[in-house]
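K.L.:
Here are the chains, one letter per residue:
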Amino acid sequence: MAGSKRFTGNVVKKRWGKGSKSDHMAVVLESGESFHRLRRVGGNPFFDEELEKLVGKKIEVKGSLMDPYTILLTSWQELDKSG
Amino acid sequence: MIQKLIVTNVAALKKKYGAAGLKLIQKALARLVAADALRGLTTRIEAVDNPTRSAPKVTIIGNQRQVKATIDKLFTAHGSPDYLLILGGPDVIPHQLLENPLFSPPDDIDRNVPSDLPYACSAPFSTKIPDFIGPTRVVGRLPDVVGSRKVADLVALIDGATTFSGTPGKTSLVLSADEWAGASRANVRLAFGALPRRAIEMVPPKSPPWSSAQLAHPLHFINCHGDVKTPMFFGSSTANYPTALEASGVVGKVTRGSVITAECCYGAQLYKPTKAKPLSIPETYLSQGAAGFCGSSNIAYGSDSASGRCAADILCVEFVKAVLAKASLGRALLEARIKFIKSTGSVADPADEKTLGQFMLLGDPSTRPFGAGLEAPEPRSVTRGFAKALAAVAPMAPADHRAGRKALEQAGDEIARTKPFAERVKGAAKSTRGPIPGGKTLIFRVVRPAAAAQPKAKTRGARAARSSADQPTEQIQVTFITSADAPRARSALRGGAKAAAPRGNQRRIPYTKAVITRTRGAEVLSSRRIVSK
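From first to last, the protein sequence lines are chains C and P.
Letter by letter, the first sequence follows residues 8 to 90 in my numbering.
Letter by letter, the second sequence follows residues 44 to 576 in my numbering.
In isolation and in its complexed conformation, chain P is listed as follows (with noise of 0.2 Å):
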């Protein structure tokens, strides 16, 4: 029985680095494979384009539908290992692209989120979110650059993971946008806990560059503005976005094993470099030694209060948080979605649903920042300095990594069964009715899966079928409120907020954003805040 699975699309790496890159690879591949074991991790490769297990063969590298059907078949056929990592970026191993319930241009221009949520799911090929709301799996990509041909840098990325043995340190670099200092000063609270209280830099007044000492810390935590297929992050004040951070920036001072976490739009994007957009952000921190990166890879919703926390705040910090305590990073983020789910309160909205889709780790999901290893079953031959690391940290026995894991899994599929979530109703995007006056009006039904109790059925279009105690008549709607409609919304959110107990606080909006309301009839059972952060 294997640990962890890492799959990956042979031809495809053949095409980008050649017969000679591709043994470079698998030497390296080899090493991690090695040093795996001596973590007490039994690792297989399989290639998608070629694998065992009587697994279908994936024919054309970008065919999402192809690799999900074999990356499932794969994991099943290997007992679902506790990891799953996808080696190679977006041209290697695709993102599966899922449909934005909140795309509405200009207001989101995301038609669709390239996601791997689908890959931590054991619910067949959709282009649903909501197929997807309850993962189980344990998953994170290992990503080489989009059209890249140097394979020393893919290498290096694998030789990264294989020769982790932990990271130095718990101190931070906090980097936020000024106008989200709220959410920002929660949200450190929360991810950090009783660790030494921890300065902010907030965009402006502070810019870069930083210090060596202030990029050395191990842990950043980035709740910036970011833009697509752009190698720097942002601050604001108003109607000013000066620089946060670019990726040039941080070349040379990134501490071995460092994780990040950023909250921004397109903070995890994968894309193809060129002269005028630069290598990513997240692909410049893994290249520099940072161990994993937790981002989004479209436009990202949170708030920018702290009683607003919402969509990226919670999921950035449940994940810091599981780091913290000692997981690794893929069980992290596993931990992180399911928290946030079970955030969302009794509906998963759309702006929760795109979250979930987006958010992504980029790095070994084995790798533990914080915690040690399993018991190894016996040293094999890498290094005396690399297994004596190894051995500096107490084990956990597996009886105990098992039962977790089945703990999470088991939270996962009760997800799936159970979590309510909405669905956009087509050709209701231009109306203006509802509550909250203002511009655009997106408007969704609430989907209730059938009780839990009832046969397992993961897929949503069966979890619909079966929902017999839907109430047709309440609703989802998403207003995109301009300046003109603030006061007013602001108005009638009030006493939307004294009718009915709502998410967050929505006894103040300082400036124009969009609103989630949830309704039955004229009656406002929630509504909520979300901000441009």
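Bound-form chain C, shown alone (with noise of 0.2 Å):
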């Protein structure tokens, strides 16, 4: 994929777009102070059940960045607690 990068930190979960058209708790990355917004090739952006099962895991990733703060996965790898 184009503009293909790796991203690493640990997932959370995070409301988004508050008090707009497109509010909804988003599953994020978040590494020290930067946070991007995860979402999967063909999956529902505002609910992913597989993006859901990351949620406390410290990950890296790897995949394009569709705007400033969202990653469009390519793929992904969970780290052990010590990486």
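Careful: at least some of the hints might be erroneous.
[To be verified] Derived DSSO-like pairs: lysine-lysine, alpha-carbon spacing no greater than 27 Å straight-line:
1. C/Lys69 x P/Lys70
2. P/Lys116 x P/Lys70
3. C/Lys21 x C/Lys64
4. P/Lys369 x P/Lys449
5. P/Lys315 x C/Lys12
6. P/Lys320 x C/Lys21
7. C/Lys12 x P/Lys320
8. P/Lys171 x P/Lys483
9. P/Lys296 x P/Lys369
10. P/Lys318 x P/Lys58
11. P/Lys449 x C/Lys21
12. C/Lys20 x C/Lys64
13. P/Lys193 x P/Lys70
14. P/Lys483 x C/Lys20
15. P/Lys100 x P/Lys213
16. P/Lys100 x P/Lys58
17. P/Lys320 x C/Lys69
18. P/Lys116 x C/Lys20
19. C/Lys69 x P/Lys315
20. P/Lys315 x P/Lys57
21. P/Lys320 x C/Lys60
22. C/Lys21 x P/Lys469
23. P/Lys449 x P/Lys58
24. P/Lys382 x P/Lys449
25. P/Lys449 x P/Lys469
26. P/Lys116 x P/Lys449
27. C/Lys60 x P/Lys469
28. P/Lys320 x P/Lys57
29. P/Lys116 x P/Lys100
30. P/Lys318 x C/Lys12
[Claimed, not checked] Here are a few chain C residues that face chain P, going by a calculated C-beta distance under 10 Å:
31. Gly24
32. Ser38
33. Pro52
34. Asp74
35. Pro75
No lab work stands behind these hints: they were computed from the structure.
Beta carbons: idealized from backbone N, C-alpha and C, even for Gly.
Two chains, two frames, a set of hints: combine them into the complex.
P.N.:
Pasting the structure below:
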């Protein structure tokens, strides 16, 4: 995929687009000050069961930015707790 | 004198489609010009990269400042035509990227608002939405697909505008997220008025696939969730967002001449399709023969209740009402914009500003779904059938048309001169002060333009400089409320609602959203809630 990058961080649930027409609890990759909403190709952008399973885990993802705050995932892997 | 100006960038089209493709586009445009003549419109095509009339040349395709200046010059030089058609997607004629007053990730992640609003205004290039608060021009965009190499798709779009002879009927398909049932019912009642009451497909429990008969209705009104670069809209209930519409689901089922209005976030976003991000919903509709699509370029706002209707609810309803009242698509959007801004009360708040900037028309602005064209001077050769279809509808007298258009221009000018607006106070984004407890609060000052009687000054800077009557203590605060703060916010807002006449229904906040409050010192002048639609 063009523009594919790697990102690492902890997966959390975060309110996204509060007060807007796309307000929802998003699955977000947090790393220090930065945060990115995660989306899966073909997945529901508002509630994706596959991504929900990642909440609470530290992961590395590969994907492209759909906008400055949204990663369209092509792959991901869980990192061990030391990693 | 011309009535319709088509602007495009020939170099950009040639870059996408090659010399042979460009010739096909030029032939298609010649057919459109001939058809417009039958409708009583004298149409002129201008290339912003090689303009006539001493307009400056656009040398960089995506240079918004250059493009705005050139289009403004051409528009004026051609005598302010009735219609301005932007031919091409944003990689041919760029959207103008305006500053989003609500930018505050992750609450509102849009740094900019991709907009065609500035092309509808005579004010010079700016990135501030308040500089374009009083639109006066009738504008639409017939977009080719970003990054496309398939010229046949663009030729088909142009030919669709050429052969348009009316929207066949006023029956509708209405889709709504279930949690916005209240607003959607009110919107449909207001938009479609005395027309037979129609069912709203609430998602959930309803779900696609929609039947061919449903999708064949020529008017679609959609109040659902949308997401960035996603060819789907979504319904919602508690923590559940089922698909409400997929672009692929409308293929082969759209009635020619249909008009679609979508309140959804990203409803009219134009992006380069890929395997992972297929063609957008609006472009799919247009490719299937729809005459026009009114929607938003990014995150939109509205209400979930009938009494709290705001932002997208109002603008979209006014668009449909104008279309049904026989306006052209472009005029319908201009009317909707003006009525929307007039509806916003004493001050256009940041959500109002974003709404005004983000909604656009995709389609030929001179297309009149339910009305006739102007009186044609003399028929020319297109096809006998097409000429017959045009002759079947009573034309509008040019004098009536001009009078109506003049009134709209005056209304836009009046708004530009007089409408108070909100200007964000930098560095106050993380304040938690204010009457509404909650999360992050954005602070705005209210800028009051000079009185209407004073000399016209369209730019925000000029208007602000003359604002001797500014009341520095008057503020607008946008508070994004978190779940934990909802009960306290509800309580505080009840108090505020008693103290001053608020807009909408502030007495019930069913769950966490955002609140916009206008204050002067400790006094709450008005407050309202905007919710996830």
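K.L.:
Check each numbered hint against the structure and report the violated ones by number, ascending.
P.N.:
Hints 1, 11, 15, 18, 23, 25, 27 and 32 contradicted; others consistent.
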